[in-house]
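Colleague: Generate coordinates for the entire structure from the input sequences, incorporating the hints supplied.
Protein chains in written order, with the working numbering: chain A, 271 to 639; chain B, 81 to 401.
What the hints contain is simulated information worked out from the structure, not anything from laboratory work.
Treat each hint with caution, since some may be false.
What the hints assert, rightly or not - Listed below are the simulated SDA-like cross-link pairs for lysine to any residue, each with C-alpha atoms no more than 25 Å apart in a straight line:
#: 1; chain 1: B; residue 1: Lys212; chain 2: B; residue 2: Phe175
#: 2; chain 1: B; residue 1: Lys399; chain 2: B; residue 2: Pro387
#: 3; chain 1: A; residue 1: Lys507; chain 2: B; residue 2: Lys339
#: 4; chain 1: A; residue 1: Lys578; chain 2: B; residue 2: Arg342
#: 5; chain 1: B; residue 1: Lys275; chain 2: A; residue 2: Ile582
Since the model is a prediction, treat every value here as computed from it, not as a measurement.
Spelled out from the first residue to the last, the chains are:
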Amino acid sequence: MSKEIINVDNLQVWFPVRRGFVESLTSKEQRWVKAVDGVSFNIKEREIFCLVGESGCGKTTTGKAILRLVEPTGGKVQYGGEGLTTQQVKDAMEKAVSKKLMTKKEAEECLSGGCVEVTRLPKDKMKLLRQKMQMIFQDPYESLNPKQSIYDIVAEPLVVNNLGQNEADRETRVEKALDDAGLRPPKHFMWRYPHEVSGGQRQRVGIAGALVLQPQFLVADEPVSMLDVSIRSEILKLMLDLREKRGLTYLFITHDLSVAYVFSDRIGIMYLGKIVELGPTEEVIKGPRHPYTKALISVVPKPDPRMKTEKIILKGERPDPAHIPPGCRFHPRCPYAMDKCRVEEPEPMYVSQEHWVTCWLVTGEGKAQ
Amino acid sequence: MSLLEVSDLKTYFKTQEGTLKAVDGISFNLEKGQAMGLAGESGCGKTTAALSIMKLLPANGYIAGGSINFMGQDMAKVTGDKLRAIRWRDISIIFQGAMNALNPVKRVGDQITEPILLHEKVDEATAEKRVKELFELVGINPSRIREYPHEFSGGMRQRVMIAMALACRPKLVICDEPTTALDVMIQAQILTLLKNLQQELELAMIIISHDLSVLAETCELLSIMYAGKIVERSSAVEVFSNPQHPYTKGLIAAFPNIKGERIMPASISGNPPNLIKPPPGCRFSDRCHVAQDLCKQEEPSLIEVLPGHFAACHFVNPKGV
Chain A
271 MSKEIINVDN LQVWFPVRRG FVESLTSKEQ RWVKAVDGVS FNIKEREIFC LVGESGCGKT
331 TTGKAILRLV EPTGGKVQYG GEGLTTQQVK DAMEKAVSKK LMTKKEAEEC LSGGCVEVTR
391 LPKDKMKLLR QKMQMIFQDP YESLNPKQSI YDIVAEPLVV NNLGQNEADR ETRVEKALDD
451 AGLRPPKHFM WRYPHEVSGG QRQRVGIAGA LVLQPQFLVA DEPVSMLDVS IRSEILKLML
511 DLREKRGLTY LFITHDLSVA YVFSDRIGIM YLGKIVELGP TEEVIKGPRH PYTKALISVV
571 PKPDPRMKTE KIILKGERPD PAHIPPGCRF HPRCPYAMDK CRVEEPEPMY VSQEHWVTCW
631 LVTGEGKAQ
Chain B
81 MSLLEVSDLK TYFKTQEGTL KAVDGISFNL EKGQAMGLAG ESGCGKTTAA LSIMKLLPAN
141 GYIAGGSINF MGQDMAKVTG DKLRAIRWRD ISIIFQGAMN ALNPVKRVGD QITEPILLHE
201 KVDEATAEKR VKELFELVGI NPSRIREYPH EFSGGMRQRV MIAMALACRP KLVICDEPTT
261 ALDVMIQAQI LTLLKNLQQE LELAMIIISH DLSVLAETCE LLSIMYAGKI VERSSAVEVF
321 SNPQHPYTKG LIAAFPNIKG ERIMPASISG NPPNLIKPPP GCRFSDRCHV AQDLCKQEEP
381 SLIEVLPGHF AACHFVNPKG V
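Modeller: See the structure below:
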C-alpha cells in the first residue's frame with residue numbers, strides 16, 4: 271500500500287455567530303456555524319481525492335483548513351510527504367512544544383511517524399510547510415492580480431519564501447513552472463498581464479503559481495468550474511500529467527459529480543460539514559449507498575436527451591449550518607428517514623474494504639475504527 | 081406562421097477597436113409551446129441574440145440587419161410605446177443572476193405586481209391575488225409576498241424571477257442561463273419546474289446555456305452557436321444522436337457522462353476567433369481537425385442535411401432531403 275501523505279482526523283472548523291449587545295447579555299450560550307464538523311479521511315501518495323457536495327457543505331473550508339488558511343477549531347491534520355528534511359521537522363516540532371502548542375509526547379509520536387502535525391505548528395513554521403502544500407483557486411478571473419505581470423504573479427511565492435539566489439535563478443524557475451503548466455513558450459507569456467490571456471490560460475497561470483515552489487500536495491478548489499466546457503478537460507489533463515511528471519497528490523474540491531467521476535481515484539460526499547459516504551470513485555458512483563449520494567447522482571444532467579432516468583429530487587434546501595438538525599443531519603430531507611434517524615447520529619459503516627457510509631439503513635461488515 | 085421568426089439577424093457592437101459582430105446572420109423559427117436551446121461557449125453571441133429579440137441591447141449595440149418577426153410585428157423596427165407594450169406582456173426574460181436581477185429594497189410581491197399594473201387595467205387587489213397564484217405555481221408559499229429578496233435563498237430567488245417572468249402571461253419566455261449559479265439539486269428543481277410550466281402554459285421558450293446537458297433535459301429544439309453564427313440546428317434528440325458539425329461533435333464529447341464510461345472527455349483546443357476581424361472562411365476552421373484549405377477561404381452556408389436538420393460545414397453531405 272502506498273504511503274499516506276495527508277491524514278485528516280476529526281477536523282472541525284467552527285465559526286462563532288456574532289451576537290448583538292442585548293443578545294449577549296440575555297443569553298450565555300455562544301452559537302456556532304459548524305462549517306466542518308468532524309471530517310476524517312486520508313490521501314495516499316499520487317492519489318486524487320475528491321470532495322463533492324453542494325455549496326455551503328464545508329468542502330472548501332476543509333481544503334483551506336488543511337493548509338491552515340482558516341484555523342481549525344479541533345482535530346488533527348498530518349502531513350507525511352517528502353521534501354522536508356528530518357532536521358526541519360524536528361525544529362518545527364520543538365518550536366511547537368516550546369510554544370506549548372503540543373506536548374512532548376505528541377511531538378515524539380509525530381517524529382517517529384515521520385509526519386508533521388499541521389494543525390499544531392507555529393505560524394512561522396507554516397511557511398516552510400506551505401512550500402510543500404499549495405492551493406489552486408476557483409476563479410482565474412479574480413484570483414490573479416490584474417496589475418501584476420504573469421512573471422510577477424508566478425514569482426511572488428519565491429520572493430515571499432526567499433527562494434532563488436538571484437533574479438536570473440528566479441526567472442528560470444518561473445519559466446519552468448509556466449512550461450509545466452502548458453504556457454509555451456514561457457517567454458511569450460511571462461511579461462503579459464492577466465487580461466491579455468484567455469480564461470484557460472489564466473487558470474494555467476494559477477497552476478504555475480502553485481507549482482513554482484515544487485509542492486508535493488495541491489488543494490484544487492473547483493479549478494475548472496469557471497471555464498468553458500470545451501477547455502475544461504485540457505486543464506484536467508494537465509493536472510493528470512503533472513501527477514505523472516512531478517508525483518503530485520491532489521485534494522480536488524468540486525460540486526460537479528460528473529467531473530469527479532472521470533477525474534478522481536476516491537471520492538468523499540459531504541453534507542452539512544460531514545462526509546456521509548467515502549470510497550473508490552467507480553464504486554461510489556455506480557453503487558451509491560447513502561440516500562443523499564443516490565439523489566445527487568440522479569439529478570446530474572446527462573448530455574443525452576434519449577437518456578431518461580428517474581430523478582430523486584430532494585425537497586427544500588440544505589439546512590443552515592448554524593442549526594444542524596439532531597440525529598442524522600440529513601434526516602429532514604431524507605425520503606427514507608426513520609425514528610432512529612431523528613435522534614441518533616449514525617457512525618461510519620464499512621460496506622466494502624474501502625467504502626463507508628453513515629446511514630442507519632446500511633448494515634455493513636463492521637464499524638469504522 | 082410561427083410565433084417567432086428570426087431571419088438573418090445581425091447584431092453588432094461599436095467598440096473602440098472597431099465593429100464587433102456579436103451575432104452575424106442567424107435564423108430560426110419557434111412555434112407556440114416549443115422550447116429551443118441556444119448553446120455555445122462564452123462570447124459566442126447567444127445572450128446577445130436573445131437580448132436582440134427583446135431589444136435590451138446596451139447603448140453601443142444595434143441591430144444591423146435582418147428581421148425578428150414576432151406575432152406579425154418586426155421587433156427589429158418596433159420602438160417606443162409599441163415596444164413597451166410587447167415587452168414583458170408578450171415576451172419576458174429570466175435573467176442569469178437572480179441575486180442581481182431583483183431590487184434589494186423592494187418587497188418581492190411589489191416587484192411582480194409592477195408589470196401587471198403597468199400592462200393591464202386591474203386594481204392592486206387583483207394584481208396581488210395574481211401574484212399569490214403565481215407564487216403557488218412556482219412553488220413558493222404565497223404568504224411570503226411581503227418579504228425582501230435577501231430573505232430568500234438562491235433557488236427561491238430564481239423561483240421569484242420565474243414568477244415575475246410569468247406575471248403577464250407571456251407567449252415567449254427567454255431564460256438566460258437559468259441555473260448556472262445554482263447547486264445541482266436546486267438546478268434539478270428549477271429545470272423540472274420550467275419544463276412543467278412550459279407544458280402547462282404552452283409557453284414558447286428560448287433557453288440559453290453553455291451546458292449542453294441542461295438543454296438536453298429541457299428542450300425539444302437545439303441550436304448550436306459558434307462565433308456569432310448558428311452552426312447546427314435541429315431537434316435536440318437529432319443533434320445529440322446524429323451530430324453533423326465538427327464543433328457540435330466536439331462539444332458533445334467534452335461532457336463527462338456520469339452514466340457512461342469513466343473516460344476523460346475530449347477538449348476543443350484553441351480559442352474562438354476575434355469577432356471584430358473574423359477570419360475569412362469557416363470561423364471554426366482554426367480549431368477544426370478536419371479543416372482543409374477550402375474552409376479557410378470560403379464560408380460554409382447552413383444546409384439541410386436531413387429533413388429539419390441544418391449544419392454549416394463544407395464536409396457534410398445532404399442525405400435524403
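Colleague: Decide, hint by hint, whether the structure agrees.
Modeller: Hint check:
no.	hint	in the structure
1	B:Lys212 to B:Phe175	holds (21 Å)
2	B:Lys399 to B:Pro387	holds (9 Å)
3	A:Lys507 to B:Lys339	holds (21 Å)
4	A:Lys578 to B:Arg342	holds (19 Å)
5	B:Lys275 to A:Ile582	holds (16 Å)
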